[in-house]
Amino acid sequence: MEFTRNNSDKLIEEILQSYQDHPESTRFSGKNILNRELLIDILYKIREILFPGFYDKNRVRAEYARYLVGEKIEFIQYNLTKQVSIALGTQDLCEECPRSVLMHKAETIVDEFLKQIPALREYLATDVQAAFDGDPAAYSTDEIILSYPGLMAITTYRIAHELWRRQVPLIPRILSEHAHSLTGIDIHPGATIGRYFFIDHGTGIVIGETTEIGDNVKIYQGVTLGGLSTRKGQGLKGVKRHPTLGNHVTVYSGTTVLGGETIIGDNVTIGGNTFVIHSIPADTRVSARPPELELSSGLKEDYGDVID
Amino acid sequence: MEFTRNNSDKLIEEILQSYQDHPESTRFSGKNILNRELLIDILYKIREILFPGFYDKNRVRAEYARYLVGEKIEFIQYNLTKQVSIALGTQDLCEECPRSVLMHKAETIVDEFLKQIPALREYLATDVQAAFDGDPAAYSTDEIILSYPGLMAITTYRIAHELWRRQVPLIPRILSEHAHSLTGIDIHPGATIGRYFFIDHGTGIVIGETTEIGDNVKIYQGVTLGGLSTRKGQGLKGVKRHPTLGNHVTVYSGTTVLGGETIIGDNVTIGGNTFVIHSIPADTRVSARPPELELSSGLKEDYGDVID
Amino acid sequence: MEFTRNNSDKLIEEILQSYQDHPESTRFSGKNILNRELLIDILYKIREILFPGFYDKNRVRAEYARYLVGEKIEFIQYNLTKQVSIALGTQDLCEECPRSVLMHKAETIVDEFLKQIPALREYLATDVQAAFDGDPAAYSTDEIILSYPGLMAITTYRIAHELWRRQVPLIPRILSEHAHSLTGIDIHPGATIGRYFFIDHGTGIVIGETTEIGDNVKIYQGVTLGGLSTRKGQGLKGVKRHPTLGNHVTVYSGTTVLGGETIIGDNVTIGGNTFVIHSIPADTRVSARPPELELSSGLKEDYGDVID
Chain A
240 MEFTRNNSDK LIEEILQSYQ DHPESTRFSG KNILNRELLI DILYKIREIL FPGFYDKNRV
300 RAEYARYLVG EKIEFIQYNL TKQVSIALGT QDLCEECPRS VLMHKAETIV DEFLKQIPAL
360 REYLATDVQA AFDGDPAAYS TDEIILSYPG LMAITTYRIA HELWRRQVPL IPRILSEHAH
420 SLTGIDIHPG ATIGRYFFID HGTGIVIGET TEIGDNVKIY QGVTLGGLST RKGQGLKGVK
480 RHPTLGNHVT VYSGTTVLGG ETIIGDNVTI GGNTFVIHSI PADTRVSARP PELELSSGLK
540 EDYGDVID
Chain B
240 MEFTRNNSDK LIEEILQSYQ DHPESTRFSG KNILNRELLI DILYKIREIL FPGFYDKNRV
300 RAEYARYLVG EKIEFIQYNL TKQVSIALGT QDLCEECPRS VLMHKAETIV DEFLKQIPAL
360 REYLATDVQA AFDGDPAAYS TDEIILSYPG LMAITTYRIA HELWRRQVPL IPRILSEHAH
420 SLTGIDIHPG ATIGRYFFID HGTGIVIGET TEIGDNVKIY QGVTLGGLST RKGQGLKGVK
480 RHPTLGNHVT VYSGTTVLGG ETIIGDNVTI GGNTFVIHSI PADTRVSARP PELELSSGLK
540 EDYGDVID
Chain C
240 MEFTRNNSDK LIEEILQSYQ DHPESTRFSG KNILNRELLI DILYKIREIL FPGFYDKNRV
300 RAEYARYLVG EKIEFIQYNL TKQVSIALGT QDLCEECPRS VLMHKAETIV DEFLKQIPAL
360 REYLATDVQA AFDGDPAAYS TDEIILSYPG LMAITTYRIA HELWRRQVPL IPRILSEHAH
420 SLTGIDIHPG ATIGRYFFID HGTGIVIGET TEIGDNVKIY QGVTLGGLST RKGQGLKGVK
480 RHPTLGNHVT VYSGTTVLGG ETIIGDNVTI GGNTFVIHSI PADTRVSARP PELELSSGLK
540 EDYGDVID
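Protein chains in written order, with this note's numbering: chain A, 240 to 547; chain B, 240 to 547; chain C, 240 to 547.
In short, the hints are calculated from the structure, not lab data. The structure displayed is predicted, hence computed values, not measured ones. Take the hints with a grain of salt, since some may be wrong.
Note: identical chains are not told apart, hence a pair may lie in one copy or across any two.
[Unchecked claim] Straight-line alpha carbon distances no greater than 27 Å define the calculated DSS-like cross-link-like pairs of lysine-lysine that follow:
no.: 1; residue 1: Lys354; residue 2: Lys284
no.: 2; residue 1: Lys296; residue 2: Lys270
no.: 3; residue 1: Lys354; residue 2: Lys344
no.: 4; residue 1: Lys321; residue 2: Lys249
no.: 5; residue 1: Lys296; residue 2: Lys284
no.: 6; residue 1: Lys354; residue 2: Lys321
no.: 7; residue 1: Lys344; residue 2: Lys284
no.: 8; residue 1: Lys296; residue 2: Lys344
no.: 9; residue 1: Lys344; residue 2: Lys476
no.: 10; residue 1: Lys311; residue 2: Lys249
no.: 11; residue 1: Lys344; residue 2: Lys321
no.: 12; residue 1: Lys284; residue 2: Lys249
no.: 13; residue 1: Lys344; residue 2: Lys249
no.: 14; residue 1: Lys270; residue 2: Lys344
no.: 15; residue 1: Lys354; residue 2: Lys249
no.: 16; residue 1: Lys344; residue 2: Lys311
no.: 17; residue 1: Lys270; residue 2: Lys354
no.: 18; residue 1: Lys479; residue 2: Lys284
no.: 19; residue 1: Lys354; residue 2: Lys296
no.: 20; residue 1: Lys311; residue 2: Lys479
no.: 21; residue 1: Lys354; residue 2: Lys311
no.: 22; residue 1: Lys311; residue 2: Lys296
Full structure from sequences and hints, please.
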């Protein structure tokens, strides 16, 4: 038996060479790396604590709740602390931090995060109520908790935001992009969102990093709360570039609201398919004039068919 | 060895307290709960029966088809009946129903559902044909069945609708939200949709609960068939609030059609990015006038750049 | 013990009958069938080679890179070759091809594909850089590689396009629809896309089969680069029906650009929510005039509320 070289050798050498040529898309290190699957597991465990009995595989009885919660807290504490310490280790300023310092910082962050669970439940109970009050297609609050993608996105946002506030790198975005992938709803973990927040349908929603949203706000599918600026890219890091929405604001489907200085007052309703780049005073309704439609016989072809 | 209390005890007590404070987002009960993963498995088994040989892991030969179908029917009958009985048990009116009554009702529903499989295949064969006829990018009907998200969404809708018609709570919506998550296409299981239905691309489509759609209808990405009303939320429960589309209607991408009294006649084509809140007579084409565009040199900044 | 018939027998016979009635949605054959799950595994292995150390479960050290790459190449070579040979076997012209011919053709294709890995890394390094330069919300290139759905979609497109160019049936579309499902970004594997391509947010983007895109192009959520024609469906097979974009073009969210003869020149910026069906000369900015908005008191109801 001879362990001859095979005809993939040249290919493998070329790939290794390309790793040297492009170190920025190569990450070799003796350091541990974030475990995305584990982070998603942690997200679901947190969600099970937040809504006990809804997402569990088996029935959950009140007399055993203490043990179920205890087991999940233990899992989260152990695993999230480790992941947070790995994430902290990726920051430039900590390139040389000893591991024990990172672990200690991670423990503190996770402890603080876990203490927020009752407050998160307060917020999420208002979100469930807002969905039920706002959607005639909702038959029960159970249906909302079991199946509404908007609630999944908001739950993930509220969890990710708590980690974001504590300067955890990478993990908040990994969690929010997981929810984005499942729901088509892209809420940056840096956004600030009040109580009774309702997202209906939700696919295509984008809520940018520096957006501020008050209480009792409703957002429909395809809405962008986005950035607007004459400057470019990384030059805008940290600048407030996304809009501010007051309380009791409703934004219907397909509408775009842009700009860090765009302030939407309390009790404003913005109609669908509207493009907003200026502030709107409180207590007003805004809508684009519905476009003039052209009706013509089926034979006349104005600009052809849109086909694929 | 001593089983001392640990420093999570206070946290766990606070979480338990929050369960008492917000019972509406807490579900402790001796009752069994719906198993979402099992429901998704059942959905895929049904799909394997509907399109034999396309989604199976191994090759399927005609001479063994009887056994493969039989095994899948057995799986579905056993598991779906149990899940339906659990779902029926969540309805308020059945809070006190004995389990045997729920099981009997569930058996009847699942038997009726399974008898619809040949009829579902009739419908779905027309949907596959419509996709092939309508999309120049389709190279074969196999490609459509294997990879088109529109067909996944329509298949799931047609399955969920059969359960919805039989008043099964929660499960139809769980199935349709699974397809929504995979495809970005949100078809409420309550909608009524005819033969030869084609969805292209599909991300961002919303089809509301009381929508009615005829035969040979084509819908593109980002289309909303939605509700419109001056009344609010739960007050509209059960009211017809989404549009009616006739036969041979095409709605291009990004268009919004709203309202329960909005009737789109036969052979109507609605262009892209159009906002429709009134009925349209048969045999007409409707389009928004393309917006006047402003061309300017790259240096003039009209309303700045939209950036993130 | 008696193996009696059960009451599902009639149902099963009816289903088998429906298989005979609709052979086009039935695929019984002694041939092997494509394994979608395995294809997705292969996609992720390729991605791990393209961005080593980012998506692995364990840390990856440079001194072991050769072995990790070798193991993954071996996995891809073996499995992808088999899947490609199955895909080639589905083509009408090869109905009678002997298996050895298909295997040989598949081996050649996979060898050629694997040789493209260093070139793919060149392209993808430019895409990562474009995302970092273009997005003020990006904190590091690591964040982009670990969490940006746009990069996932582009990576999958670049892989699928290499198979598409070599006339592999079905598989490129299965891969691109997987990315579409995860990201809401639908890039047809037939499209041609240059370097430094950046997709932000991305949900709802559609890029059609015959689209051509230059270098340094940025596309935001909800953009369609689609077809436009007065002819229908399969009659357009192979015709150039999607637009051409030059270099340094930016298209903001919700905009639709249609037509095979629509050419967008170099250095063009197209604003959000714009509908473009004609060519645009180089070095210009184009935007729809923001719609005139109607502000009214909260009590006046112009066209009611859009509700669900």
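Verification of the supplied hints:
1. Only within a single protomer do lysine 354 and lysine 284 lie at most 27 Å apart by alpha-carbon distance; the minimum there is 15 Å, versus 39 Å between protomers.
2. When the C-alpha separation of lysine 296 and lysine 270 is checked against a cutoff of 27 Å, the pair qualifies only between copies, where the shortest distance is 12 Å, while the shortest distance within a copy is 35 Å.
3. In this homomeric assembly, lysine 354 and lysine 344 come within 27 Å of each other (Cα to Cα) only inside a single copy, at 16 Å, whereas the closest approach across copies is 45 Å.
4. Taking the shortest Cα distances, lysine 321 and lysine 249 sit within 27 Å of each other only across copies (22 Å), while inside one copy they are farther apart (39 Å).
5. When the C-alpha separation of lysine 296 and lysine 284 is checked against a cutoff of 27 Å, the pair qualifies both within a copy, at 12 Å, and between copies, at 20 Å.
6. For a Cα distance limit of 27 Å, the shortest separation of lysine 354 from lysine 321 inside one copy, 18 Å, qualifies, whereas the shortest one across copies, 38 Å, does not.
7. In this assembly of identical chains, lysine 344 and lysine 284 lie within 27 Å of each other by CA distance solely inside one copy; the values are 22 Å within and 34 Å between copies.
8. When the C-alpha separation of lysine 296 and lysine 344 is checked against a cutoff of 27 Å, the pair qualifies only between copies, where the shortest distance is 24 Å, while the shortest distance within a copy is 34 Å.
9. Taking the shortest Cα distances, lysine 344 and lysine 476 sit within 27 Å of each other inside one copy (25 Å), while across copies they are farther apart (51 Å).
10. Taking the shortest Cα distances, lysine 311 and lysine 249 sit within 27 Å of each other only across copies (15 Å), while inside one copy they are farther apart (49 Å).
11. For the homomeric pair lysine 344 and lysine 321, the shortest alpha-carbon distance inside one copy (11 Å) is at most 27 Å, but the shortest distance between copies (48 Å) is not.
12. Taking the shortest Cα distances, lysine 284 and lysine 249 sit within 27 Å of each other only across copies (19 Å), while inside one copy they are farther apart (46 Å).
13. Proximity of lysine 344 and lysine 249 under a CA criterion of 27 Å is satisfied inter-copy only: 21 Å between copies versus 46 Å inside one chain copy.
14. With identical chains, the CA atoms of lysine 270 and lysine 344 are at most 27 Å apart within one copy only, with a shortest distance of 18 Å there and 42 Å across copies.
15. In this assembly of identical chains, the alpha carbons of lysine 354 and lysine 249 lie at most 27 Å apart only when taken from different copies (9 Å versus 55 Å within one copy).
16. Proximity of lysine 344 to lysine 311 under the C-alpha cut-off of 27 Å is restricted to the intra-copy arrangement: shortest distance 21 Å within a copy versus 37 Å between copies.
17. Taking identical chains as interchangeable, the C-alpha atoms of lysine 270 and lysine 354 are never at most 27 Å apart, the minima being 29 Å within one chain and 30 Å between chains.
18. Taking identical chains as interchangeable, the C-alpha atoms of lysine 479 and lysine 284 are never at most 27 Å apart, the minima being 33 Å within one chain and 39 Å between chains.
19. For a Cα distance limit of 27 Å, the shortest separation of lysine 354 from lysine 296 inside one copy, 25 Å, qualifies, whereas the shortest one across copies, 30 Å, does not.
20. Neither within a single protomer nor between protomers do lysine 311 and lysine 479 lie at most 27 Å apart by alpha-carbon distance, with minima of 37 Å and 44 Å respectively.
21. Taking the shortest alpha-carbon separations for lysine 354 and lysine 311, only the intra-copy value of 14 Å comes in at or below 27 Å, while the best inter-copy value is 43 Å.
22. Within a single copy, lysine 311 and lysine 296 get their C-alpha atoms as close as 14 Å, and across copies as close as 23 Å, so both meet the 27 Å cut-off.
The earlier numbered hints that this structure contradicts are 17, 18, 20.
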